[in-house]
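Asks: Sequence:
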Amino acid sequence: MNWLTHAWRDFIAEPWLSIVLSLVAVVCGAIVGAEREKREKPIGTRTLTLVALGSAIFTMLSFAIGAENDHARIAAQIVTGVGFLGAGAIIRGKFGITGLTSAATIWAVSAMGMVVGAGYVAAGLGLSVLILAVLTVISAGEQRFLGRCEYVTVTLLFEPNGGKTIVKIEEILDEYNVPWTRNKLAVETSAPDGSRLSITYCDRHKHHREFLAELAALEEITEIKSTGSAGP
Numbered sequence: 001m002n003w004l005t006h007a008w009r010d011f012i013a014e015p016w017l018s019i020v021l022s023l024v025a026v027v028c029g030a031i032v033g034a035e036r037e038k039r040e041k042p043i044g045t046r047t048l049t050l051v052a053l054g055s056a057i058f059t060m061l062s063f064a065i066g067a068e069n070d071h072a073r074i075a076a077q078i079v080t081g082v083g084f085l086g087a088g089a090i091i092r093g094k095f096g097i098t099g100l101t102s103a104a105t106i107w108a109v110s111a112m113g114m115v116v117g118a119g120y121v122a123a124g125l126g127l128s129v130l131i132l133a134v135l136t137v138i139s140a141g142e143q144r145f146l147g148r149c150e151y152v153t154v155t156l157l158f159e160p161n162g163g164k165t166i167v168k169i170e171e172i173l174d175e176y177n178v179p180w181t182r183n184k185l186a187v188e189t190s191a192p193d194g195s196r197l198s199i200t201y202c203d204r205h206k207h208h209r210e211f212l213a214e215l216a217a218l219e220e221i222t223e224i225k226s227t228g229s230a231g232p
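Going by my numbering, the sequence shown opens with residue 1, and the numbers climb by one from there.
These aren't lab readings, by the way, just hints derived from the structure by calculation. The reader is advised that the hints may include incorrect statements.
Stated by the list, open to error - Only pairs whose alpha carbons sit at most 27 Å apart, straight line, appear in this in silico DSS-like list of lysine-lysine:
1. Lys41 / Lys164
2. Lys164 / Lys225
3. Lys225 / Lys168
4. Lys168 / Lys41
5. Lys168 / Lys38
Remember, it's a predicted structure, so these values are computed and weren't measured experimentally.
Given these sequences and hints, build the entire structure.
Replies: In structure tokens form, the structure reads like this:
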């Protein structure tokens, strides 16, 4: 059972070690990324897979260089670089900050990639499952504590302005992660008083309906009308 607790550097020789560790890093990143992709988050499978792989490669490079001090120096630079990457995922809008979970996920996945790059495959796989559990179990716990989402539908009446208005609406929906699968942006352009768009969203939780205030601020939108419950 040494393969569970010891670094695989003790069991596998180069170049096979680097190949195995790189593949494991890809798998670990994809495990977490799939959950983010399923929730339609901007930081998805490809991004987190590359973060894990890049962290593992830099860590392996630190061992290849050989000097003990280089291990710590390169690891410190990985942490700094990932910090800048995570900061880029955080967006401050007019009504709050979004992207903090995505930034924290990047940070955790990078740490996991460094563990794999150091040769601790079992620990890396275990960390990927743990990160996945934090993202899913805690999210489910929040829904249980705060209550499940209750969906309603509103209809927007707006001036199309040559297609410019719908672009602004799409940008706001993206910023607040309003689920596209429910909306599909089915715009009705034949209405005599302007274009219409129906949007389904969670009305129970404050942070799920904050986007409405930003939509209401658009001059092109002339009316926001609730059309009732959309079911579970």
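Asks: Hint by hint, say whether it matches the structure.
Replies: Hints and how they fare:
no., hint, in the structure
1, Lys41 / Lys164, "holds, 25 Å"
2, Lys164 / Lys225, "holds, 21 Å"
3, Lys225 / Lys168, "holds, 19 Å"
4, Lys168 / Lys41, "holds, 19 Å"
5, Lys168 / Lys38, "holds, 25 Å"
Hint compliance for this structure: no hint is broken.
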